[in-house]
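Undergrad: Protein chains in written order, with our numbering: chain B, 1 to 111; chain C, 1001 to 1115.
Some hints could be false.
Dumping the calculated DMTMM-like pairs for lysine to aspartate or glutamate here, alpha-carbon to alpha-carbon at most 25 Å [stated by the list, open to error]:
hint: 1; chain 1: C; residue 1: 1036; chain 2: B; residue 2: 3
hint: 2; chain 1: B; residue 1: 98; chain 2: B; residue 2: 3
hint: 3; chain 1: B; residue 1: 2; chain 2: C; residue 2: 1058
hint: 4; chain 1: C; residue 1: 1009; chain 2: B; residue 2: 39
hint: 5; chain 1: C; residue 1: 1041; chain 2: C; residue 2: 1084
hint: 6; chain 1: B; residue 1: 45; chain 2: C; residue 2: 1085
hint: 7; chain 1: C; residue 1: 1038; chain 2: B; residue 2: 7
hint: 8; chain 1: C; residue 1: 1022; chain 2: C; residue 2: 1085
hint: 9; chain 1: C; residue 1: 1038; chain 2: C; residue 2: 1085
hint: 10; chain 1: B; residue 1: 98; chain 2: C; residue 2: 1024
Label pairs and their in silico Cβ distance ranges [what the hints assert, rightly or not]:
hint: 11; chain 1: B; residue 1: 26; chain 2: C; residue 2: 1096; range: 23 to 31 Å
hint: 12; chain 1: C; residue 1: 1007; chain 2: B; residue 2: 12; range: 32 to 40 Å
hint: 13; chain 1: C; residue 1: 1018; chain 2: B; residue 2: 2; range: 32 to 40 Å
hint: 14; chain 1: C; residue 1: 1003; chain 2: B; residue 2: 29; range: 25 to 33 Å
hint: 15; chain 1: B; residue 1: 67; chain 2: C; residue 2: 1077; range: 44 to 52 Å
hint: 16; chain 1: C; residue 1: 1018; chain 2: B; residue 2: 29; range: 37 to 45 Å
hint: 17; chain 1: C; residue 1: 1052; chain 2: B; residue 2: 12; range: 31 to 39 Å
Calculated directly from the structure, the hints in this document are not laboratory data.
It should be emphasised that the depicted structure is a prediction, and the values quoted were computed from it without experimental measurement.
Glycine included, each C-beta is placed from N, C-alpha and C at the ideal position.
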Amino acid sequence: RKEVEQDPGPFNVPEGATVAFNCTYSNSASQSFFWYRQDCRKEPKLLMSVYSSGNEDGRFTAQLNRASQYISLLIRDSKLSDSATYLCVVGRSGNTGKLIFGQGTTLQVKP
Amino acid sequence: DTEVTQTPKHLVMGMTNKKSLKCEQHMGHRAMYWYKQKAKKPPELMFVYSYEKLSINESVPSRFSPECPNSSLLNLHLHALQPEDSALYLCASSLTGTGVNQPQHFGDGTRLSIL
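Whenever a hint applies, use it, and build me the whole structure from the sequences.
TA: This is the structure we're talking about:
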């Protein structure tokens, strides 16, 4: 079983749709959580950190459920430019600086 | 524009060549990372430098040799690579490499092809 699991998709949605991605992690001692976005042949870019209280940045909302060990990302009012691969990333506990990446979920927003 | 700069953007080399990849950041970050990424896969961690000291080597073959000359610079020296080493090599940095993991900021990568 992978330490961080995501549904690879692809998720094909029309413009304006709301789409949600989930991610589960297996290490209960994990302490930090992030969503990254990666466009084709580009580098991963930090989309948002995920906090226990949940956080929102414009059309994007991230939630963390420590009890169930899952993280979610909600995108409202999808734009064509949201088409990308979304990587769920978890930081292990301890002084390592090591991040564990999920396989990524591909989103295609269509006109 | 990314705040982590990598050069070169593209590199083609033969299996007997020696080359180096370079990475630079001026954000005052004290942790720097090398990742390898194959198509349709997530980045795989290779090395972590924390305060200019190598803190993690993910059992990377010795044909890859990292170097951190100072807190802003990170190099990856390549020698006698194999065709399967062809990939996107990503450098990243974060504020520190200790305590609670912080987000990492990636450069735009070097696309490496081994002939």
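Undergrad: Look at each hint and say if it fits the structure.
TA: Hint check results:
The suggested pairing of residue 1036 (chain C) with residue 3 (chain B) holds, with an alpha-carbon distance near 19 Å, which does not exceed 25 Å. Proximity of residue 98 (chain B) to residue 3 (chain B) is assessed by CA-CA distance (about 13 Å); at most 25 Å being required, the pair is judged to hold. Note on residue 2 (chain B) and residue 1058 (chain C): the hinted pairing holds, with a Cα-Cα distance of about 17 Å set against a maximum of 25 Å. Proximity of residue 1009 (chain C) to residue 39 (chain B) is assessed by CA-CA distance (about 16 Å); at most 25 Å being required, the pair is judged to hold.
Restraint check for residue 1041 (chain C) and residue 1084 (chain C): satisfied, since their Cα atoms lie roughly 14 Å apart, inside the 25 Å limit. Annotation: proposed proximity of residue 45 (chain B) to residue 1085 (chain C) holds, straight-line Cα distance about 23 Å (limit 25 Å). Distance restraint check for residue 1038 (chain C) and residue 7 (chain B): the Cα-Cα separation of roughly 19 Å lies within the 25 Å cut-off, and the hinted pair is therefore satisfied. Restraint check: the Cα-Cα separation between residue 1022 (chain C) and residue 1085 (chain C) comes to about 17 Å, which is no more than 25 Å; the hinted pair holds.
With a C-alpha separation of about 9 Å, the suggested pair residue 1038 (chain C) and residue 1085 (chain C) falls inside the 25 Å cut-off, and the hint holds. A hinted pair counts as satisfied when its Cα atoms are at most 25 Å apart, and residue 98 (chain B) with residue 1024 (chain C) qualifies at roughly 20 Å. The given range of 23 to 31 Å is respected by residue 26 (chain B) and residue 1096 (chain C), whose C-beta atoms sit roughly 25 Å from each other. Separation of residue 1007 (chain C) from residue 12 (chain B) is about 37 Å and conforms to the stated range, judged on CB atoms against 32 to 40 Å.
Taking the beta carbon of each, residue 1018 (chain C) and residue 2 (chain B) are about 35 Å apart, inside 32 to 40 Å as hinted. Distance hint check for residue 1003 (chain C) and residue 29 (chain B): the Cβ-Cβ separation is about 31 Å, which falls inside the suggested range of 25 to 33 Å. At about 46 Å, the CB distance of residue 67 (chain B) to residue 1077 (chain C) agrees with the hint of 44 to 52 Å. A C-beta distance of roughly 41 Å is found between residue 1018 (chain C) and residue 29 (chain B), which places it inside the suggested range of 37 to 45 Å.
Range check, residue 1052 (chain C) to residue 12 (chain B): Cβ separation about 46 Å, and the 31 to 39 Å hint is violated.
Taken one by one, the earlier hints fail for this structure only at number 17.
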